[in-house]
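Which chain is which? The protein sequence lines are V and H, in order.
Heads up: the first sequence runs through residues 1 to 248, numbered per my numbering.
Heads up: the second sequence runs through residues 1 to 367, numbered per my numbering.
Note that these hints are calculated values from the structure, not bench results.
These numbers were taken from a predicted model, which means no experiment stands behind them.
Glycine is no exception: its CB is placed at the ideal position from the N, C-alpha and C atoms.
Don't take every hint at face value.
[What the hints assert, rightly or not] The calculated DSSO-like cross-link candidates involving lysine-lysine, where the alpha carbons are at most 27 Å apart (straight line), are:
1) H:LYS121 x H:LYS170
2) H:LYS121 x V:LYS88
3) V:LYS88 x H:LYS165
4) H:LYS121 x H:LYS335
5) H:LYS335 x H:LYS27
6) H:LYS121 x H:LYS165
[To be verified] Listed next, with one range per pair, are the computed distances between beta-carbon atoms:
7) V:ARG193 x H:ASP154: 52 to 58 Å
8) H:GLU351 x V:ARG47: 21 to 27 Å
9) V:GLY54 x H:GLU271: 53 to 59 Å
10) H:GLY239 x V:LEU104: 44 to 50 Å
11) V:LEU204 x H:THR166: 40 to 46 Å
12) V:GLN59 x H:GLY308: 54 to 60 Å
13) H:TYR189 x V:GLY54: 31 to 37 Å
14) H:THR63 x V:GLY40: 23 to 29 Å
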Amino acid sequence: MTEEDSSLSTTGLLADARDRLAANPAASVALLLAGALVAGADWYLLRSPVPTAGYEGIQDGRVTVAFEFVVSVVSRATVPPSALLHLKSRWLATAVGLELVAFLAVVAASAFALSRLLETRLTLPALARYGLVAALLGVGVGRVDFEGGAVLIGIPLIVAFLVVTVRLVPFPGRLVLGESVGTALRRSWTETRGHGWSLFGVVLVVGLANHLLASAPLAGPVGSGAMAAVHAGVVAAVIRRTGGETQL
Amino acid sequence: MAQHDPAGRNHAPSATPPKDGAAVRWKREIDIDRGFGYAPTPIVAEGRVYAAGRELLVLDAETGAVEFRVARRSRTPPAVASARAYRSPTLAVTSSRGVTGLHANGGLRILGSHLGVTRWKGGDSDRQTAFFGAEPQTSPPVVAGGTILVAATDELRAIDASSGKTRWRKDVDTRRPAVHRGTVYAAEYPGGVRGYDLETGEDRFDAEVDVAPPLSVTAGPDQLVVATDDGLAGLSYDGETRWEFAPEEFSRDYGAVALAEGVAYAGFRGEDDSYLVAVDAADGSERWRSETAPEETPQFAPPSVADGVVYVPTEDGGMAAVDAGDGHLRWQFGKDADTHGPWSPAALVGETLYAIGDGHVYALEEP
Numbered sequence: 001m002t003e004e005d006s007s008l009s010t011t012g013l014l015a016d017a018r019d020r021l022a023a024n025p026a027a028s029v030a031l032l033l034a035g036a037l038v039a040g041a042d043w044y045l046l047r048s049p050v051p052t053a054g055y056e057g058i059q060d061g062r063v064t065v066a067f068e069f070v071v072s073v074v075s076r077a078t079v080p081p082s083a084l085l086h087l088k089s090r091w092l093a094t095a096v097g098l099e100l101v102a103f104l105a106v107v108a109a110s111a112f113a114l115s116r117l118l119e120t121r122l123t124l125p126a127l128a129r130y131g132l133v134a135a136l137l138g139v140g141v142g143r144v145d146f147e148g149g150a151v152l153i154g155i156p157l158i159v160a161f162l163v164v165t166v167r168l169v170p171f172p173g174r175l176v177l178g179e180s181v182g183t184a185l186r187r188s189w190t191e192t193r194g195h196g197w198s199l200f201g202v203v204l205v206v207g208l209a210n211h212l213l214a215s216a217p218l219a220g221p222v223g224s225g226a227m228a229a230v231h232a233g234v235v236a237a238v239i240r241r242t243g244g245e246t247q248l
Numbered sequence: 001m002a003q004h005d006p007a008g009r010n011h012a013p014s015a016t017p018p019k020d021g022a023a024v025r026w027k028r029e030i031d032i033d034r035g036f037g038y039a040p041t042p043i044v045a046e047g048r049v050y051a052a053g054r055e056l057l058v059l060d061a062e063t064g065a066v067e068f069r070v071a072r073r074s075r076t077p078p079a080v081a082s083a084r085a086y087r088s089p090t091l092a093v094t095s096s097r098g099v100t101g102l103h104a105n106g107g108l109r110i111l112g113s114h115l116g117v118t119r120w121k122g123g124d125s126d127r128q129t130a131f132f133g134a135e136p137q138t139s140p141p142v143v144a145g146g147t148i149l150v151a152a153t154d155e156l157r158a159i160d161a162s163s164g165k166t167r168w169r170k171d172v173d174t175r176r177p178a179v180h181r182g183t184v185y186a187a188e189y190p191g192g193v194r195g196y197d198l199e200t201g202e203d204r205f206d207a208e209v210d211v212a213p214p215l216s217v218t219a220g221p222d223q224l225v226v227a228t229d230d231g232l233a234g235l236s237y238d239g240e241t242r243w244e245f246a247p248e249e250f251s252r253d254y255g256a257v258a259l260a261e262g263v264a265y266a267g268f269r270g271e272d273d274s275y276l277v278a279v280d281a282a283d284g285s286e287r288w289r290s291e292t293a294p295e296e297t298p299q300f301a302p303p304s305v306a307d308g309v310v311y312v313p314t315e316d317g318g319m320a321a322v323d324a325g326d327g328h329l330r331w332q333f334g335k336d337a338d339t340h341g342p343w344s345p346a347a348l349v350g351e352t353l354y355a356i357g358d359g360h361v362y363a364l365e366e367p
């Protein structure tokens, strides 16, 4: 086993992420602030007359791995699209505005954190590309969810989804480095070949911790912001240890 | 909502439904479960008729034209509640899966289809009311202001009609509650009648019925009429049992009571036959008994009262109109055509009686 291979162990990647975060405290601060902003938006929405879909946490008997393709913060109160119909203009503006502000804050904070951890300059096109991907994933399937009976029923699907999640761990970092979506996907896929189990361990540890912290009432998104920083640190560690040059 | 108002009186004081006979203004086919029990009462609000069955059918109340359908099976009447964040009311639908808030006007209409009908989902699918020997049922939702009250096994829950969030919940085994002057009254078998603040859920009232354990409660202007194991009882808002009506030859179990102009109307089971009985709510004396008995599967159907007439779905089929003054049968409709089980209780609005019978939603008016 080479030295480079051993550094891509689960513990090695988590330790590297810790060191990178310690060296760049602004990255953690940005994501914690974004988490606090999401928590504030959640707090307001949960007390408003607007319907919200809550986050089912560990106290609800739900165990899940909350690990998305992009670095993100778990919200405990999202407004379902169908609930926006026929809202009075004041509440429509409030609901859409809060969701939008929270989303933009998380995108900005995660892109900023990744750029600091990757020691690169964040450009406007890279930020826009990252935000667009985050928005698309936000309305699609962006989080690994395997729980209860679903484990038995959908094992092949879950395994396939997990493989994709593991192989795309560096993807958000590559977007921040300025690569196109296609290039970022391709390079993530190739550079993680042979490191699947180590990255699976990272996804499991970070995703489970994210779920546990996000389960906390009110402060859940702040805890999720902390785990988003770890996620960003891991992304930076993987990219730097697989050592690929940026191909624009 | 079911039983007309939050108090559960089943009295429509401003309605003048068909009195001397019934003619069909319109009827519309509905997909309902064919069973022994009566169908859920259709409810009328915002110029629409909402009828629950294997699907939720929404009709124009004036013409009977189909406005939209929702693929949602329910065995209880829905309820319409004002929602403070919305330009249109919330339609609360209960099922064995819990309570769901829908857009009462059907959500987004695109190319003839209604999309995004659901506003919120609430409740607990594990909680449902089951009657011995019958299919599990849920109590109909009760609306008071912007609050939806739902009784399920071992709990009473108050839900914000706009957000779907639970305002408060109580561990109490009860059926449809009744609301009067900001207090929610619930019969807790076999304990007594409890009262909770509508807004906060704070305990407001606690009284035992001296004569027998309570089964359900109707809130009158100056007293509660409590259906008990033995019959009916009058319970003052001070918690004092004023009277009891429990003749030895009668029995009854669950089943709602109508209360109009100082008279309570309810179904009773005799030794051989069942009866619709009118009881003076001032002293508990019997005014009359009619052999036009309400359908009693799975429980006595609630009578509906307006303009001196009591309307009941009958045991022998169809809808009957009984004179509130002396109990004589004024007319009966649909007795022979009943092939889909008993008729539903009636909803009385304006000059029209709405009910489900013979696989159709009917709008009946004076001939």
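These are the hints, each one checked on the structure:
1. H:LYS121 x H:LYS170: Between LYS121 (chain H) and LYS170 (chain H) the Cα gap is close to 19 Å, so the pair holds against 27 Å.
2. H:LYS121 x V:LYS88: 20 Å, holds
3. V:LYS88 x H:LYS165: Cα-Cα ~18 Å, so holds.
4. H:LYS121 x H:LYS335: The hint is violated at about 39 Å.
5. H:LYS335 x H:LYS27: Within the cut-off at roughly 16 Å; holds.
6. H:LYS121 x H:LYS165: 9 Å, holds
7. V:ARG193 x H:ASP154: 52 to 58 Å: 56 Å, holds
8. H:GLU351 x V:ARG47: 21 to 27 Å: Between GLU351 (chain H) and ARG47 (chain V), where Cβ atoms are some 44 Å apart, the hint is violated.
9. V:GLY54 x H:GLU271: 53 to 59 Å: For GLU271 (chain H) against GLY54 (chain V), whose Cβ atoms are near 54 Å apart, the range 53 to 59 Å holds.
10. H:GLY239 x V:LEU104: 44 to 50 Å: 58 Å, violated
11. V:LEU204 x H:THR166: 40 to 46 Å: 34 Å, violated
12. V:GLN59 x H:GLY308: 54 to 60 Å: 56 Å, holds
13. H:TYR189 x V:GLY54: 31 to 37 Å: 33 Å, holds
14. H:THR63 x V:GLY40: 23 to 29 Å: Violated, at about 49 Å.
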